[in-house]
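Fit chains B, C and D to the known structure of chain A by using the hints.
Protein chains in written order, with the numbering used here: chain A, 1 to 220; chain B, 1 to 220; chain C, 1 to 227; chain D, 1 to 227.
None of these hints come from the bench; they were simulated from the model.
Errors might be hidden in some of the hints.
Simulated coverage check for chain A against chain D, where a stretch passes if three residues somewhere in it have a Cβ under 8 Å from a Cβ of chain D [said to hold, decoys possible]:
(1) 39–51
(2) 155–166
(3) 196–203
(4) 207–217
Some chain C residues near chain B, calculated using beta-carbon distances under 7 Å [unchecked claim]:
(5) 1
(6) 20
(7) 42
(8) 55
(9) 57
(10) 79
(11) 82
(12) 83
(13) 92
(14) 95
(15) 96
(16) 97
(17) 138
(18) 140
In silico DSS-like pairs for lysine-lysine, Cα to Cα no more than 30 Å straight-line [to be verified]:
(19) 140(D) <-> 83(B)
(20) 83(A) <-> 134(A)
(21) 149(A) <-> 149(B)
(22) 140(D) <-> 149(A)
(23) 72(C) <-> 149(A)
(24) 14(A) <-> 168(D)
(25) 83(A) <-> 140(C)
(26) 158(A) <-> 72(C)
(27) 83(B) <-> 14(B)
(28) 149(A) <-> 72(D)
(29) 83(A) <-> 73(A)
(30) 168(C) <-> 149(B)
(31) 132(B) <-> 168(D)
(32) 83(B) <-> 158(B)
(33) 83(A) <-> 14(A)
(34) 158(B) <-> 149(A)
(35) 140(C) <-> 224(C)
(36) 149(B) <-> 72(D)
Just so you know, even glycine gets a beta-carbon here, dropped at the ideal spot from N, CA and C.
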Amino acid sequence: MRNVVVENAADAVKGLRDGHVVMVGGFGGAGLPRSFVRAVAELGVRGLTLISNNAGTEGDDLSLWFRSRIVSKIVCSYPRSAKDFTAQYRAGEVELELVPQGTLVERIRAGGAGLGGFLSPVGVGTVFEQGKQKIEVDGRTYLLEMPLKADFALVKGKVADTLGNVTYNMTARNHCAVMTTAADTVAVEVDRVVEAGELDPEAVVTPCIFVNRVFARTSS
Amino acid sequence: MRNVVVENAADAVKGLRDGHVVMVGGFGGAGLPRSFVRAVAELGVRGLTLISNNAGTEGDDLSLWFRSRIVSKIVCSYPRSAKDFTAQYRAGEVELELVPQGTLVERIRAGGAGLGGFLSPVGVGTVFEQGKQKIEVDGRTYLLEMPLKADFALVKGKVADTLGNVTYNMTARNHCAVMTTAADTVAVEVDRVVEAGELDPEAVVTPCIFVNRVFARTSS
Amino acid sequence: MKGLERQQLARMVASQLPRESFVNLGIGAPTHVADYMDPESGVILHSENGILNVGPAPALGEANFDLINAGKSPVTLARGGSFFDSSMSFAMMRGGHIDVAVLGAFEVSQNGDLANWNTGRDEGEPPGVGGAMDLAVGAKQIWVMMEHVTREGAPRIVAECTLPLTAKRVVSRVFTSLAIVEVMPDGLVVSAMLRGARLEDVQARTGAPLRLAPHMRTIEPDGKVAE
Amino acid sequence: MKGLERQQLARMVASQLPRESFVNLGIGAPTHVADYMDPESGVILHSENGILNVGPAPALGEANFDLINAGKSPVTLARGGSFFDSSMSFAMMRGGHIDVAVLGAFEVSQNGDLANWNTGRDEGEPPGVGGAMDLAVGAKQIWVMMEHVTREGAPRIVAECTLPLTAKRVVSRVFTSLAIVEVMPDGLVVSAMLRGARLEDVQARTGAPLRLAPHMRTIEPDGKVAE
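So here's chain A without its partners, still in its complex pose (with noise of 0.2 Å):
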């Protein structure tokens, strides 16, 4: 039977390389693998684009990638007190794509749920219809926003199963959950990992066709 729990960050996040694509769930501290977040400054590599809401504050948080330097793009909305990022921001060294974080989301969700992309009335009339294709829908104006993938999707859960079926505790659920469709490998850090029917089938957020590797914080 079907069994994604590995035995250590490392094991969670191997296999990703240079340049790829990583998202990161997490809005402030709760839904941040922060696990995860280490074992990738661990690895050496270079130029990620970083996908995800924030861009660290202090610690270990994301600001470990940005103090590591394996990061060359972060799309976000909110790279604010982020005194690593913004370092480097204005150096020059990091390219920035702000994404309003609703249409962040959605994008993600697109990107996950095999769509081409959407029509949003978000950042009409404002710099973020900057080089985006407007259409006019009803008389409403939208723009058309791109679905966005990845090769990795880290984040935190609560419990997770054998099989890789997810929960989450209160708000950390945030980004996490839509992340977990819109990656080629997506392994997710939880606090205790269960046998297979040991979660309510009602109440399972993220079934685990989406998760490849489960790691648990503390031993389960």
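Same frame as chain A, but now just chains B, C and D:
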């Protein structure tokens, strides 16, 4: 405090008028709000546009609406084995807009999520591309699909609290959950009503913001 | 002319929210509105990082860093609350399911254009937009609360915004330290003023023409609005 | 030439599914594949009305009409299964998360075009498409299982489909009552044939040129495939 519980099915469908667009949840009998289906049939309305996966089979399902001749158009994916609908369809008395099931549900989601449409790869190169704008993205062709919204959505849940938070039973969740997001008035028929705070906040499928009326099939 | 302090402004906004409405309070000043809300009002608060029915701040020492609001401050969940992912949360916002979003702003124009995400100045930080645009476009009503003028005394209600826009023609009502201003199709209408203020006082601090509503109300210095 | 019966065909397909793959079995004949699956294979079945890890049919009298599959037949949930709504279910399908979809078909063309939703004849019923197109476009691999010829003896594997298409260039493998046919960029390749059949037998019943795979396998009359 908000309390959306109504005493009978007639109150749940109050305000539904001639010419309204009405979404009805259910895949076969699972998720079909039978009390509401009957209550609408008794309203004496005419000219409804029905959005539902199926067109009923027989008995007290959506067949009732065709027998009562209250539907002038149906938007659905699979109107087969539907005796009453078939008779009217063949007589040219009811219009059919056939939509692949995944496109149907995604159009409803787009309506509920405030999107102006989306690009789908489904139907390209088939009769379903007729009349639709084709958009090429990264060398792949997509059809521009339009959102669907409704005046009423009528769905079947399992448990609701008095605020209007809803859970579903197994595969009865189907189109119900997404339909609650896309209508001006959303009525949910449930097996049981509980006090606010009795549902697990992590296991609520439809948050109460989407729900206007809750009716318990059997008394709470 | 001394206007309302931030807390009194928050009390004023809280008192005006429709009963049993679904409300999103933006980051910053709008957050304080929660402190003045009548629990009997039945207002249900949304937070865009995935909460419906946000409760008050937790007791000291009881913060849970998986239970935070859009400003990343610890909150609680009120009875009957629920959690969901960002995709559903922004669908609620963009899809018009939020009755009122209360937002801070740098500038609001006479036709309801909103500038609240970018000061246009280089502050030594990269730009950040967060969920501001989604709220501004999606909520049924956009209310703005802000100081009537900038620290330098310049109007924030203007004929045309000079700062990068958040969204066009979205603001319906502006609560300032001096007045409540309604954005109508034919211009700005003052529907309430701080006790002792005259229209010319407010007009002098406003960059677009104002007129008085037929039925004017008075804002008390504590932020209460008398009919 | 007597080909495999439906049950043997189902056994053949079941034996070929990759271990631990996520599989959707279409309505009709493909449903029977579940009856022959080795429980040790770890294959996880998806049903588009919102189930992952579909279990076997329930015992007599234990059907639950809220627990049905896409064919509206009662099923059970296997250990570690989950329920979700149609929007997520079709996101799984369209988004390429299903490894293999096994579908019935009326016709498959030599370049992998699939016609399986509409006979093109007026059968006294309105058309119905259901989830056929979403599966055909989205799954990583589309396998078709069908009788090699129609009841009238006409080929179902054709140079070009005559019936309304479900999707273009999607089928990668066809399991028929006579053979396993791979749809390759440069044409159709027979990788297995029923014991006793010769290529010319199969070719005579096929509407497009076939060639033999370098490594041919034999299909036993019970549906087992010998290497």
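Checking against the hints above, which ones are violated?
Failing hints, ascending: 1, 5, 8, 9, 18, 19, 20, 24, 25, 28, 34.
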